[in-house]
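Undergrad: Read off the chains here:
Protein chains: 2
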Amino acid sequence: MIDRLIKKIEETQAPIVVGLDPRLNLIPKHIKEEAYEIHGKTPKAAGEIFYRFNKEIIDTIYDLVPAIKPQVAMYEQYGPEGMEAYIKTIDYAKEKGLIVIGDIKRSDIASTAEAYSQGHIGRVEIEEESYTVFNQDAITLNPYLGVDSIEPYIQNCKTYDKGLFILVKTSNPNSGEFQDLDVGGEKLYERVGRSVNQWGAQLIGKKGYSQVGAVVGATHPEQAADLRKLMPRSYFLVPGYGAQGATAEDLKGYFNQDGLGAIINSSRGIIAAYRNEKYQKQFTEKEFALSSREAVIDMKKDLQRIR
Amino acid sequence: MIDRLIKKIEETQAPIVVGLDPRLNLIPKHIKEEAYEIHGKTPKAAGEIFYRFNKEIIDTIYDLVPAIKPQVAMYEQYGPEGMEAYIKTIDYAKEKGLIVIGDIKRSDIASTAEAYSQGHIGRVEIEEESYTVFNQDAITLNPYLGVDSIEPYIQNCKTYDKGLFILVKTSNPNSGEFQDLDVGGEKLYERVGRSVNQWGAQLIGKKGYSQVGAVVGATHPEQAADLRKLMPRSYFLVPGYGAQGATAEDLKGYFNQDGLGAIINSSRGIIAAYRNEKYQKQFTEKEFALSSREAVIDMKKDLQRIR
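Residue numbers (numbering that gives the first Met the number 0), protein chains in the order written: chain B, 0 to 306; chain V, 0 to 306.
Be aware that one or more of the hints could be misleading.
[Said to hold, decoys possible] Looking from chain V toward chain B, a few residues come up when the C-beta cut is under 7 Å (computed): (1) Pro27; (2) Ala45; (3) Asp58; (4) Leu63; (5) Gln70; (6) Val123; (7) Glu276.
[To be verified] No more than 27 Å apart at the CA atoms, straight line, and that leaves these computed lysine-lysine pairs for DSS-like: (8) V/Lys54 / B/Lys93; (9) B/Lys43 / V/Lys93; (10) V/Lys87 / B/Lys87; (11) B/Lys87 / V/Lys54; (12) B/Lys43 / V/Lys54; (13) V/Lys40 / B/Lys40; (14) V/Lys7 / B/Lys43.
Calculated from the structure, these hints are not laboratory results.
The beta carbon of each residue, even a glycine, is placed where N, CA and C say it ideally should be.
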């Protein structure tokens with residue numbers, strides 16, 4: 000998976016992942032109205048709206064970026080019909096050749112972790128039949144429970160060529176509450192980072208990077224530079240660019256000398272670009288996906304300054 | 000929620016929560032065969048099988064225990080149809096007067112945490128309509144991201160009288176990898192425990208316990224006794240009894256002097272009791288739910304020795 004991701008990053012020259020985190024209040028009126036007319040103002044309609052919105056964005060940006068990152072919470076909140084839209088989004092993005100990083104941040108142990116692992120990056124068995132359910136290429140995980148909460152996924156990374164991005168240092172204002180605690184001369188997030196590095200050592204691809212990467216928020220440039228040294232073979236999935244305040248300058252230290260090692264996420268900045276004055280001059284609300292395309296091009300240019 | 004839980008614990012004299020973590024290989028043949036005949040060996044069948052299995056267990060034990068704890072991973076792995084069974088299980092248990100603790104262990108920030116919170120313990124809005132989706136009474140959460148990943152749930156605890164159980168010290172063999180790290184004279188799990196105590200201080204019920212509780216594994220009796228002192232008003236949700244090796248003796252320190260303060264989970268030990276020789280003498284496989292009932296009665300007796 001990591002080699003495929005790197006290949007696509009090199010082809011597109013865009014270390015960018017588009018966060019598909021739809022919210023009803025960010026979606027153009029015409030899409031919502033059509034769905035409400037057919038399904039009423041129901042969870043079913045919400046799912047349809049999300050999928051149609053995502054599909055149009057995917058259709059317009061799939062040649063520019065290597066990957067998308069749908070945030071499962073946005074879909075899950077609407078129940079089974081939301082989950083249906085999540086799966087349809089994944090499948091459609093893969094059809095268009097995109098790599099899909101499922102932002103699920105799951106955390107559990109033993110047979111429970113195995114169930115998540117089979118459902119999200121493996122196959123579930125029903126007697127002699129087997130199915131892929133959430134067919135993501137990679138997923139995010141929370142490390143608080145320790146290595147036995149991660150192992151069931153490592154196995155599927157090997158079997159099915161999948162990837163993991165494990166939360167190391169998150170982008171939120173209170174991320175330091177536990178992550179920055181001193182644990183014997185280093186911070187907890189550094190200790191977690193060293194573990195992630197170790198967990199991934201058995202899964203190094205042809206380009207020298209591991210299938211086990213790390214989530215490192217764009218809002219912590221100094222810590223990221225230290226982590227970069229501590230875990231040189233881990234790809235960083237970096238949230239927090241744009242809407243959360245980080246700029247391209249902040250991101251220099253997230254990359255290695257080879258220009259690789261990080262993929263920067265932008266969600267609202269791209270999917271809701273049509274609400275940004277800058278793009279409203281060029282495109283109407285119905286052309287929202289074209290605004291998203293412009294926003295991707297602008298982000299790509301912005302990141303090229305620092306690579 | 001916490002007052003309702005305590006009231007039911009007192010009524011049943013059973014500080015027990017039954018973990019509804021179904022797995023196909025633990026379910027009696029006759030239930031599976033009927034579903035396969037109608038739906039084939041499909042995710043739809045898996046969901047139907049889980050719901051029918053859960054329903055029969057709920058029907059047989061609802062008068063004995065205060066609560067059930069379905070593990071969402073077991074359902075989620077089968078996709079939307081699994082989630083449908085999860086929701087139906089919750090709704091049916093609530094119909095029978097049981098309190099439902101959703102074991103979801105979610106972790107995320109900002110608007111994403113809000114989406115989980117609305118979907119799982121709040122209401123989601125679709126324009127002027129609003130819906131309850133996963134109508135749990137309480138959920139489990141992972142604290143690694145800090146207080147701003149918890150706040151969106153606290154708000155819904157107030158608005159909708161819901162509860163949280165936050166992972167403090169988990170029951171798995173490698174739980175100590177990060178949770179036991181020394182963070183300036185205390186362990187990380189103690190530091191987390193103190194935070195949980197503080198987060199819950201604004202939500203104390205009539206019996207002196209907070210709507211914000213903690214997950215503390217049954218496999219760590221000494222640490223639990225320390226935590227008990229550190230967070231006297233937090234209810235402990237305790238996994239690891241039975242299948243994971245902890246016995247009633249291990250659990251004494253999880254309770255307060257008032258005999259309250261902990262609710263012990265058993266999953267496999269109860270739902271798969273029909274596979275235990277002890278109950279096989281009394282009941283057939285088709286009477287699996289009666290074996291579960293006996294197992295609950297035995298667990299209740301076992302716990303009464305130490306309370």
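Undergrad: Hint by hint, say whether it matches the structure.
TA: Verification of the supplied hints:
Using the Cβ-Cβ criterion of 7 Å, the hint placing proline 27 of chain V at the interface with chain B is not satisfied: the shortest such distance is roughly 14 Å. Using the Cβ-Cβ criterion of 7 Å, the hint placing alanine 45 of chain V at the interface with chain B is satisfied: the shortest such distance is roughly 6 Å. Annotation: interface hint on aspartate 58 of chain V violated; nearest CB of chain B at approximately 24 Å, more than 7 Å. Annotation: leucine 63 of chain V was flagged as interfacial toward chain B, and the flag is violated, the nearest CB pair being 25 Å apart, outside 7 Å.
Taking 7 Å as the C-beta contact cut-off toward chain B, the hint placing glutamine 70 of chain V at the interface holds, the least distance being around 6 Å. Taking 7 Å as the C-beta contact cut-off toward chain B, the hint placing valine 123 of chain V at the interface holds, the least distance being around 5 Å. Checking glutamate 276 of chain V against chain B by beta carbon gives a least distance of about 22 Å; that is not within 7 Å, so the hint is violated. Our distance criterion of 27 Å between C-alpha atoms is broken by lysine 54 of chain V and lysine 93 of chain B, whose separation comes to about 38 Å.
The hinted pair formed by lysine 43 of chain B and lysine 93 of chain V meets the criterion: a straight-line CA distance of about 24 Å does not exceed 27 Å. Restraint check for lysine 87 of chain V and lysine 87 of chain B: the C-alpha separation of about 23 Å stays at or below 27 Å, so the hint holds. As the CA atoms of lysine 87 of chain B and lysine 54 of chain V are separated by approximately 30 Å, the hinted pair breaks the 27 Å bound. Restraint check for lysine 43 of chain B and lysine 54 of chain V: satisfied, since their Cα atoms lie roughly 26 Å apart, inside the 27 Å limit.
Note on lysine 40 of chain V and lysine 40 of chain B: the hinted pairing is violated, with a Cα-Cα distance of about 34 Å set against a maximum of 27 Å. Taken as a hint, the lysine 7 of chain V and lysine 43 of chain B pair is broken in the structure, with Cα atoms around 36 Å apart against an allowance of 27 Å.
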